[in-house]
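These protein sequence lines are chains A and B, in that order.
Residues in the first sequence are numbered consecutively from 1, following the working numbering.
Residues in the second sequence are numbered consecutively from 1, following the working numbering.
FYI, nobody ran anything at the bench for these hints, they're computed from the structure.
On a predicted model such as this, the values are computed, not experimentally measured, just so you know.
From the three backbone atoms N, C-alpha and C, an ideal C-beta is built for every residue, glycine too.
Just so you know, not all the hints are guaranteed correct.
Partner residues aside, some chain B positions facing chain A, computed with beta carbon under 8 Å [what the hints assert, rightly or not]:
| no. | residue |
| --- | --- |
| 1 | HIS33 |
| 2 | HIS356 |
| 3 | SER358 |
| 4 | ASP359 |
| 5 | ASP365 |
| 6 | GLN366 |
| 7 | LEU417 |
Which chain A residues stay away from chain B? Per the calculated CB distances, all over 10 Å, these [stated by the list, open to error]:
| no. | residue |
| --- | --- |
| 8 | GLY18 |
| 9 | GLU21 |
| 10 | SER97 |
| 11 | GLY117 |
| 12 | VAL134 |
| 13 | LEU140 |
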Amino acid sequence: MDVTTKEAELSDLKETFGFLEDWEERYAYIIDLGKQLPPMAEALKTEATKVRGCTSQVWMVGHERLDDAGRAHLEIVADSDAHIVRGLIAILLMLYSGRTKEEIREIDAEGFLSELGLDRHLSPSRRNGLFSMVERIRALAA
Amino acid sequence: MNVTPAPATLLPNEAFDVDAVRKDFPILATRVHGKPLVFLDSAASAQKPVAVLEAMDGMYRTAYANVHRGVYTLSDVATSRYEAARETVRRFLGAADVSEIVFTSGGTDSLNLAARCWAQAFLKPGDEILVCESEHHSNIVPWQLAAAATGAVVKPIPVTDEGAFDFSAFAAMLGPKVKLVAVAHMSNVLGSIMPIKEIAAATHAIGAKIVVDGCQGAVHQKVDVRDLDVDFYAITGHKIYGPTGIGALYGRRELLDMMPPYKGGGDMIETVSFERSTWAEPPARFEAGTPMIVEAIGLAAAIDYVESLGIERIHAHETDVLDHATALLNAIPGLRIIGTAPGKGGVISFTVDGAHPSDIATLLDQRGVAVRAGHHCAQPLMVRMGVSATTRASFAMYSTRAEAEALAQGVERALALLR
Chain A
1 MDVTTKEAEL SDLKETFGFL EDWEERYAYI IDLGKQLPPM AEALKTEATK VRGCTSQVWM
61 VGHERLDDAG RAHLEIVADS DAHIVRGLIA ILLMLYSGRT KEEIREIDAE GFLSELGLDR
121 HLSPSRRNGL FSMVERIRAL AA
Chain B
1 MNVTPAPATL LPNEAFDVDA VRKDFPILAT RVHGKPLVFL DSAASAQKPV AVLEAMDGMY
61 RTAYANVHRG VYTLSDVATS RYEAARETVR RFLGAADVSE IVFTSGGTDS LNLAARCWAQ
121 AFLKPGDEIL VCESEHHSNI VPWQLAAAAT GAVVKPIPVT DEGAFDFSAF AAMLGPKVKL
181 VAVAHMSNVL GSIMPIKEIA AATHAIGAKI VVDGCQGAVH QKVDVRDLDV DFYAITGHKI
241 YGPTGIGALY GRRELLDMMP PYKGGGDMIE TVSFERSTWA EPPARFEAGT PMIVEAIGLA
301 AAIDYVESLG IERIHAHETD VLDHATALLN AIPGLRIIGT APGKGGVISF TVDGAHPSDI
361 ATLLDQRGVA VRAGHHCAQP LMVRMGVSAT TRASFAMYST RAEAEALAQG VERALALLR
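Next up, chain A with everything else stripped away, as it sits in the complex (with noise of 0.2 Å):
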């Protein structure tokens, strides 16, 4: 995916959000994200690759693909057995996946995290185990 379906895949969500009026919309969206998640092959969901400090788990791993102009892409592929946290990785997909290491490690997760409002509208454990997540993407792109 290039950068422009990117931006405007982005900004499609924020728009999304900002129509949603209560909390119940807001989670049956993310729960809706969370169910056009590309599958995750089960060989993939080991020890190594669970993201520790989620309130259900959480598996996620990185492949790196080289463009035309030979600089490293980060695709991330992830998946969870709760669908609240399998749509919360769908949208932190959308921020990361595809773009180059440099790229992500610029990536400003909890102002975009706010500018959706999930900030306000997730417990305290479940935010920390999006920053688990957001942890764990950084890492890859380290």
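Go by the hints and put chain B onto chain A.
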């Protein structure tokens, strides 16, 4: 302090008035996400009545000093209140003597005390500790530590598919190597009430000792350690509407007498010299340092409050709410209740096809309904019941049928979003 209404004390023939009881718990008026709080996590920790808050506040305001030390009036007052709290716990558990009640920091601390000072001190290599597989980690790990230190072995006692204590399997495990049996009075996940009196009789028949985790059990039914004939019985304050940081271990006096100290420090000694120190008699031997003075008084206030309402009456009320919630949840397609033993206490653990417990708990929270999701500190039991986690709703004296309905409606609504 005189303006507060009197707590909801009941006469013997009066019906249980849950609305009056709820007024004694200020936190129940809280709103969460703009909705009235429906607190269904009392098995993790119960809310506190005004009687407990005022007892603790009053102690700090009018009668506080360190105990067992002073020759001055205030310390004597504090000491007599602290020791009166011990007498309240003795009466509550039906112990023969007040010296059999050791104050601890909670249920976990109580069980660790028994493990360290009895099991670790007296078990030998090859001795067996039988632990029920439905136990909370607090009644598993201390025995594993004692086993690792002594060469003893921990063996799980099975539960049945419905979550009841498997007595015939237990009886088949009893042999000359068994020295200790550890079991909860009531499972924090399944709600099952374990047949402690029968387990104790079988345990004693082979000369072994029995330790009971009463953290849930003592909250929901009358306990009499002499009638049950148990050797150790652990309770915690915060699940019985008392403060955190306080619990108690009942120990049979002859066992406490032979046990070495748990922690070293002030109050637990008889004499100290650099050559040799000698230990105080129980229970002081096990209460090193300044104790949880005000918390002990809060615990006694909580027990007085429970007794003023009548624990049998509370139990009957909780069972009514439990039965109502069970019927409503059982009507939801794909929902499976984990723990269906007859006569169970006020806990419902459940799983639903296609919905993770943390999803259900998160969506319930948005409706103001507080439940727990996870393994409930009982991972071996999760494996036994074939689940990785459950959602758990637990009921207390202040729970209502309307709250059971809010739970069931919330679960149905969550499933509509998740499926």
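Status of the hints after comparison with the structure:
no. : hint   : result
1   : HIS33  : holds, 7 Å
2   : HIS356 : holds, 4 Å
3   : SER358 : holds, 4 Å
4   : ASP359 : holds, 5 Å
5   : ASP365 : holds, 7 Å
6   : GLN366 : holds, 5 Å
7   : LEU417 : holds, 5 Å
8   : GLY18  : holds, 19 Å
9   : GLU21  : holds, 14 Å
10  : SER97  : holds, 23 Å
11  : GLY117 : holds, 14 Å
12  : VAL134 : holds, 19 Å
13  : LEU140 : holds, 24 Å
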